[in-house]
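Protein chains: 2
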Amino acid sequence: MPPPTRHPVAELRDRFLQRLRESSTSREPRGLYEPISYIMGIGGKRVRPLLALIAARMFGDDEELTAGMPVALAVETFHNFTLLHDDIMDASPLRRGNPTVHEKWDVNTAILSGDLMLIQAYAHLCGAPDKRRTHDLLCTFNRIATGVCEGQQFDVDFELRSHVTIEEYLDMIELKTAVLLGGALEMGALSAGAGREDADHLYAFGRLTGLAFQLHDDLLDTFGDGKQTGKLTGNDIIRNKKTFLYIKTLESLDETQRGELVEWFSHSPEDPAPKVARVTELMRLRDIPRLVAELRDQFQKEAYAHLAAVNGDAAWKDALRQLTEELLSRDN
Amino acid sequence: MPPPTRHPVAELRDRFLQRLRESSTSREPRGLYEPISYIMGIGGKRVRPLLALIAARMFGDDEELTAGMPVALAVETFHNFTLLHDDIMDASPLRRGNPTVHEKWDVNTAILSGDLMLIQAYAHLCGAPDKRRTHDLLCTFNRIATGVCEGQQFDVDFELRSHVTIEEYLDMIELKTAVLLGGALEMGALSAGAGREDADHLYAFGRLTGLAFQLHDDLLDTFGDGKQTGKLTGNDIIRNKKTFLYIKTLESLDETQRGELVEWFSHSPEDPAPKVARVTELMRLRDIPRLVAELRDQFQKEAYAHLAAVNGDAAWKDALRQLTEELLSRDN
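Just so you know, the protein sequences line up as chains A and B, in that order. Taking the UniProt record's numbering, I'd label the letters of the first sequence as residues 1 to 332. Taking the UniProt record's numbering, I'd label the letters of the second sequence as residues 1 to 332.
By construction, these hints were calculated from the structure, which means they are not laboratory data. Heads up, the beta-carbon is just placed ideally off N, CA and C, and yes, glycines get one too. It is possible that some hints are incorrect.
Covered stretches of chain B, as calculated for chain A (at least 3 residues, CB under 8 Å) [to be verified]:
| hint | stretch |
| --- | --- |
| 1 | 22-34 |
| 2 | 118-131 |
| 3 | 141-147 |
Bound-form chain A, shown alone (with noise of 0.2 Å):
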């Protein structure tokens, strides 16, 4: 009897990471290499990678994953060029459960290896094997490399500003966050021989999934149940995060229950529980809960219409769709 299959995602994680280690150099100067080494090799899911290999997968015959794997290569460590610069800039102590770069090494050290690591995201599309296929990779690559530098900026413009729309709100996190899970589809798929409207439709999946993780984020910080999370519940509320959540409450208050919100958001009170009570019940009354959920159902199903629209291989777009349910109902 043959051993059972693997999971065809899980294969692809078992690859990229067999590859990412390989891809692991000692090189001098080692107070440059080994703070690179270090943040790519502790952890987080590898979603952006398996999207790529996953649209790779979908065109052609790329079972050797030749031509997905470089660019899978490059966005997971774009990804992690990001998280390094921006622990600096948030000043946090801790990624992953592990201390951070700067805290580990010293700023420079996190400023100067997260530098090198944004060069070797675009020396990874150098190993793409079909070089007529380098410029719409760099131009594709620059376009999400630069909307995720303006969705940071916004985010932190946004932490000072008193108000902030709705519209303004999403624009900052698909810029933030869904347009590298849209980009890393896109460049999959183009780096397999994918025409442009596939990659498009690709793009726009990954797009949508990736504000409907958003928006399915806040709402278990807020909503979800602690034990199945593993994050205390409310957490966004007692940091005063202006979340999706946070922002559509204010908008749908009157103006006397506006004025108690944002009175409640000025401060950081010893005990939070009532706090954390009384927003939550705000947000109740004007029946968010269910908005945002909705607003989130309705980002994923234009996600999957996009998905529908692509001609790829029928068992890669299945094995998509599973790999995004999971994100989608997963507690942490």
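Chain A is already provided as a structure; the job is to place chain B on it using the hints.
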């Protein structure tokens, strides 16, 4: 009577500056794009883009600079990105007489704007008209950019090390400054359709000229005429900077005098005059200025041999030689 013809290199500089002004955007978010316009606008000699443009003009028919200009913008944007991030790491308050970005805005702004500049450098490469050359340009750019980051890290490492060999020091300045000069020429040539051999000769010319520049700068700092250079003579000695001169002197002194030199470089007396006088004397004692000038001239001679081997337009090869001589003779 026709107006007198402008010097062709001055003409290229004007056209580059014109194009740079046109490419400056005032996009949202302004907190991200304004610092970029600021640093790109505060001058500098624009040596690297000129090298790219001259190299492109050497091959084929690039009168409109359509091939060379994207590369010129890419190398200048990259160079300014390195200045922006280096200034954070060195905590420098001024750049070209103006406040640095992290002083005028803040460190986070300087990190993120710098990141976007690195992406913009790559984006300029996408503007090159012949898509078949994108692959070569991208791989070359990655090699150069990686070298520059490695050079910066070696420089940081050497500051903390008690002993650095002359070979290690030369490798460091090659990476930190010379490879980008070579790369600008190599990429300018490739963009205009030059073959690999000509591009390699131009790279070697730029790399060796860069090394010659660096030794020239070191010499001027310590032995130049302050009235002509407009700089404080002996500034490197006052700042305990481990230049080529210092390392070469250290290597050639006997043990007693080596101890004396190390001692001088271990503190910063209030009146630096006796220190500058004695260290300069030690250097002269070992005939270091002559040795360094000879090495500089040797590098430049080898550089010209590579230039002579290039199968490019003779008038533009002359222009390149003139630009080099101007830079090597100028006392600032």
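Evaluation of the provided hints:
no. : hint    : result
1   : 22-34   : holds (count 4)
2   : 118-131 : holds (count 8)
3   : 141-147 : holds (count 4)
Figure legend: structure checked against the earlier numbered hints; every hint is met.
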